[in-house]
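As they're listed, the protein sequences go chains A and B. Position 119 (the first sequence) corresponds to 119 in this note's numbering; numbering is contiguous. Position 82 (the second sequence) corresponds to 82 in this note's numbering; numbering is contiguous.
Among these hints, one or two may not hold up.
[As the list claims (entries may be wrong)] Taking lysine-lysine pairs in the PhoX-like style, the calculated list, with each CA pair at most 20 angstroms apart, reads: (1) Lys5(A) with Lys180(B); (2) Lys185(B) with Lys142(B); (3) Lys185(B) with Lys7(A); (4) Lys142(B) with Lys7(A); (5) Lys180(B) with Lys142(B); (6) Lys181(B) with Lys142(B); (7) Lys172(B) with Lys142(B); (8) Lys180(B) with Lys7(A).
[Claimed, not checked] So the derived list for chain B, only partly shown, Cβ under 8 angstroms to chain A, looks like this: (9) Glu31; (10) Leu33; (11) Gly37; (12) Pro38; (13) Tyr66; (14) Glu104; (15) Leu148; (16) Met152; (17) Leu157; (18) Arg179; (19) Lys180; (20) Leu182; (21) Leu186; (22) Gln187.
Hints were generated in silico from the structure; no laboratory data involved. Ideal placement from N, C-alpha and C gives every residue a C-beta, glycine not left out.
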Amino acid sequence: MLCDKYKEALTEAAASGAALPIPVREHVDTCAHCGATLAAQQALFTLVDAGLHSRTNVGVPSNFEQRVRAALQIQVSGGRRRFSSLFTIGSMTAAAVLVMAFSLTHNPNKDREEMPPGSVPHTELSVSHPRAARGESQEVQAFAHQALHSRSRALNLAGHPNVPALGDSGVEVLVPQGQEELLVKYMEGVAALRARAPFSATLQHEANMKPMEVPSIEISELVVKPLPDLSSN
Amino acid sequence: MQELVLIQPIRAAEEWSREAAHAAKRRDFEERLAECGPLAYRVARGVLRNDADAEDVAQEALLRAYRRFDRLRDAQRFRGWLVRIVFRLALDRARSAKRRQLRETEWAQPARRPAPPTAEELAASGEFQAYFDRALDTLPEKLRLVLLLAAMEGHTLEEVAVMLGLPVGTVKSRLFAGRKKLAEKLQCYVTNTKKR
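Just chain A, with the same shape it has in the complex (with noise of 0.2 angstroms):
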């Protein structure tokens, strides 16, 4: 029992490994109970010490560190690819939704709307295009780029020889890298859509004419009145 009230210090004292202080220094000295528990405790320090080093000090495999490298190369790459597929799916988007756009914007039921209604739609295609008035061969390719130039006065496509770079309006378009010809290849198709959709509707509006008959008109009997005087209110 006298010696419970050391039996803190001296846990303390071997776990810290500092020296004791001087009354309990004094009563090990003289107890042999306590003596005895100190190097214990001290012995299970020991234990517990040589127990976590030689579980925290162990050696790294040798390739270890080329193991991680040859795993960070492959998530590099692989993550590179990912990059890259989304940068696909959104240059795809991006050329989706200029193509809708332009589409949208190019509507040749648009430009029939807008048309008067005593004007005649073109008969003939070449009358459309100044080239084809001229006679130059190639009519449909020649109306499908002007149709692209025309419409695109603000469509500069960086580098690409079959589209120069126009005029200082202030509005371009840049294509990603790569994707100027598959553009341009479809607005010509576009506008080769373009030309031959009013030259169908041409046709058939030639096929369809035909003089309206209406009946003669009998007037009976025509009685003229004057309006009454509404300023007199």
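With chain A's structure known, arrange chain B on it following the hints.
Okay, now just chain B, sitting in the frame of chain A:
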């Protein structure tokens, strides 16, 4: 006429700067990998006590650290950050391994269970080490991490404190508490061994 404007940054320049940033990030990370790779492995090994698992976990932690390297505001805290990632992953792995082991034990046929080892076999298989490992596993995580880091060669208490972002006094008290708890648990083992 309404004009369509699609504004897209110049890809080449963007890609070039991205590549340069990637290269710089990777260079920076690889320098740290050489310095901190062994630390990550040892922390994982200290928790898992298995070389293959430790290697897996350390590698996973390093890759995760690389992915999130941009988020690390203070590069000086990389070691502590990595240690926490490794420790967390290792604990997760240890828990799932324990659950798996428990499940397999529950479902195993009694006939397939290995015969209980003899006393000689237990002694030869490092009974004390097994007991020590179990005792260490029962310690609270915050004590265990401090014990593992402080026991590694070349780590002073100040370095451990910096690594964990703790005051030195807290590290000392945790270290003391951890060693004391371990000693108490091992005391039972020593007493039982002497009785045998």
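Checked hints:
1. In summary, the hint linking Lys5(A) to Lys180(B) is supported, as the alpha carbons are separated by about 18 angstroms, within the 20 angstroms threshold.
2. The suggested pairing of Lys185(B) with Lys142(B) holds, with an alpha-carbon distance near 18 angstroms, which does not exceed 20 angstroms.
3. With a CA separation close to 17 angstroms, the supplied pair Lys185(B) and Lys7(A) stays within the 20 angstroms bound.
4. Taking the CA atoms of Lys142(B) and Lys7(A), the gap is near 27 angstroms; set against the 20 angstroms cutoff, the hint is violated.
5. The straight-line distance between the Cα atoms of Lys180(B) and Lys142(B) is roughly 14 angstroms, inside the 20 angstroms bound, and the hint therefore holds.
6. Using a Cα cut-off of 20 angstroms, the hinted pair Lys181(B) and Lys142(B) holds, with the two alpha carbons roughly 13 angstroms apart.
7. For the given pair, Lys172(B) sits about 12 angstroms from Lys142(B) by alpha-carbon distance, which is consistent with the 20 angstroms threshold.
8. For the suggested pair Lys180(B) and Lys7(A), the alpha carbons sit about 13 angstroms apart, so the restraint of at most 20 angstroms is met.
9. Look at Glu31(B): its Cβ only gets to about 12 angstroms from chain A, farther than 8 angstroms, so that hint breaks.
10. With a cut of 8 angstroms, the hint placing Leu33(B) at the interface with chain A holds, because the nearest CB-to-CB distance is about 6 angstroms.
11. For Gly37(B), the suggested interface contact is upheld, since its CB lies about 5 angstroms from the closest CB of chain A, less than 8 angstroms.
12. Taking 8 angstroms as the C-beta contact cut-off toward chain A, the hint placing Pro38(B) at the interface holds, the least distance being around 4 angstroms.
13. About 6 angstroms separates the beta-carbon of Tyr66(B) from the nearest beta-carbon of chain A, less than 8 angstroms, and the hint is met.
14. With its C-beta approaching chain A no nearer than about 25 angstroms, Glu104(B) sits outside the 8 angstroms limit, and its interface hint is violated.
15. Annotation: interface hint on Leu148(B) holds; nearest CB of chain A at approximately 5 angstroms, less than 8 angstroms.
16. For Met152(B), the interface hint holds, the least distance from its beta-carbon to any beta-carbon of chain A being 5 angstroms, beneath 8 angstroms.
17. A cut of 8 angstroms between beta carbons decides the hint on Leu157(B): the least distance to chain A is about 12 angstroms, and the hint is violated.
18. With its C-beta approaching chain A no nearer than about 5 angstroms, Arg179(B) sits inside the 8 angstroms limit, and its interface hint holds.
19. Annotation: interface hint on Lys180(B) holds; nearest CB of chain A at approximately 6 angstroms, less than 8 angstroms.
20. Satisfaction of the interface hint for Leu182(B) is found here, the shortest Cβ-Cβ separation to chain A being roughly 5 angstroms, below the 8 angstroms cut-off.
21. For Leu186(B), the shortest C-beta to C-beta distance to chain A is roughly 6 angstroms, which falls under 8 angstroms, so the interface hint holds.
22. With 8 angstroms as the threshold, the beta carbon of Gln187(B) comes within range of chain A, its nearest partner Cβ sitting at about 6 angstroms, so the hint holds.
This entry does not satisfy hints 4, 9, 14 and 17, going by the numbered hints stated previously.
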